[in-house]
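Student: Model the placement of chain U on the given structure of chain R, informed by the hints.
Listed in order, the protein sequences are those of chains R and U.
Throughout the first sequence, residue numbering follows this note's numbering, covering 1 to 146 in sequence.
Throughout the second sequence, residue numbering follows this note's numbering, covering 1001 to 1367 in sequence.
If you are wondering where the hints come from, they were derived from the structure by calculation, not from laboratory data.
Even glycine gets a Cβ: it sits at the ideal position worked out from N, Cα and C.
Mixed in with the good hints, there may be bad ones.
Computed footprint of chain R on chain U; a stretch qualifies when at least three of its residues, placed anywhere within it, have a C-beta under 8 angstroms from a C-beta of chain R [to be verified]: (1) 1213–1222; (2) 1309–1321.
No more than 30 angstroms apart at the CA atoms, straight line, and that leaves these computed lysine-lysine pairs for DSS-like [said to hold, decoys possible]: (3) R/12 to U/1085; (4) R/77 to U/1085; (5) U/1193 to U/1175; (6) U/1085 to R/45; (7) R/128 to R/143.
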Amino acid sequence: MTVSLAGPEIAKQIAERFPEIISEISDQAVVVKSKSLFEVAEYLKSSPELSCDYLNYIAATDYYDYFEIVYQLTSRKHNHSLMLKTRCYDRSQPAVPSVVSLWRGADFQEREIYDLMGITFTGHPNLKRIFLWEGFEGYPLRKDYL
Amino acid sequence: MALKTEPFMLNIGPVHPSTHGVFRMRATLDGEVIVDIEPVFGYLHRGVENLAEERTYTGIIPLTDRLDYLASMSNNLAYVLAVEKLANIKVPERAEYLRVIIAELQRIASHLIAVGAFLNDCGAFFTPFLYMFREREKIVDLFEMVSGQRLLYNYMRIGGLSQDIPPEFLPALEKFVEQMPDFIDEYDRLLAKNEILLARAKGVGILPQEMAIDICASGPVLRASGVQWDIRRADPYSIYDRFEFDIPTGNAGDCYDRYRVRIEEMRQSLRIIKQATKQIPPGEIQAEVPHLIRPPAGEAYAHIEAPKGELGFYLVSDNSIAPYRCHVRAPSLINLTALREIMVGWKIQDAIIIFGSIDITMGEVDR
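Excised from the complex, chain R in its bound form (with noise of 0.2 angstroms):
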């Protein structure tokens, strides 16, 4: 049984390494800030008490004041899996860096995120619309797109 780590034992393991990175904890998750979002998730991945090597899924939510950005992450060694979150507050340019350096997986769900919900990825290889054609207005999955 994959062993869901509680926000609280994610954080302790995070700020022993970043201090003052954490902006919140909650039961499953911890948010991070976006500018620190790489160093951490490759820490992550390479430290071996945490290994988390698979990258389960990104989804991203518009909460009208930020739009929330969560990384699902499994280690297939330890049998354990962590939500890790990041939150971006700029509504006109929103940016997180991207993590396809990391987990390639990544590729095509960025691309999806930034043609949805309009959220750039800094440091994404190919960054273009995936589903909606170039020239498209808008992005649809935002809550206040009509």
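Tutor: What follows is chain U alone, placed relative to chain R:
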């Protein structure tokens, strides 16, 4: 005098029998050899995730049917598991057993099409495909008995199933489970050592183990590369921890291994069905849930081992009758990430079977 050459750009698809739906591969060719390939999709994009935000939790079930339309029951299951996790609903035992039986039958049906279409791509034009359809037809008949539908079943409900199985279902199922191993042996005799299949598929389109994990592949694509990872075993959902079954894996990660893994998985599914039919208890098939479900505010992710890989639903609830956000983790889309890596360097006729061996459904890729 050296002949002047230049790369040639060729569009394969979007409407082409070997692309299994509306899918386009923009290939750059050097003679017959592929030097670059870019998958282009979105032709079947219907905005399911957005539509789901405007429907009640029960009203989304028919939408999930239309994701991977060759495995509707599996999509139903993944979705209802996510809602049950979110709203903390307990499902009656009988419904759990029926769900497992039906999900495994669906896996066999989906793999039959995957293998049949793959052999079609190899050049065995429609002969094996029709053999596979002969068996799939029996599964579709079983599903018609329980749900009244033959493709988009809309059978599972939050907290159970829409209706109990009719009396003729179990005898028909037993007959099918008894006959099916012989049919799988028949395919094996015809195909496993077939010289043409070996020549076309062995060593072609190799996906190494590290790359399979890196691109977050799942399902038979991951297991054919030698990774023993099956969500039914690693993170058992429903009642999968009660059954004995093996996880078939490949060694080379080539097209042939992906084909073999699917054939072996069908045998394992039959093993699970056999155990489940013996243990199935009488009783209710639906938990008591309100007509309009309002899960408490929060979020949940539930995933299952669907025929094509890890199918998951990430739901966010704001305590209203419709989800605030419904994200689908589609195995077909993520498995496609490997396409460029495993296709470059092969000839154009190999590209067709490499694509066929991944087994995707466009309804799920584009959503």
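Student: Check each numbered hint against the structure and report the violated ones by number, ascending.
Tutor: Every hint satisfied by this model.
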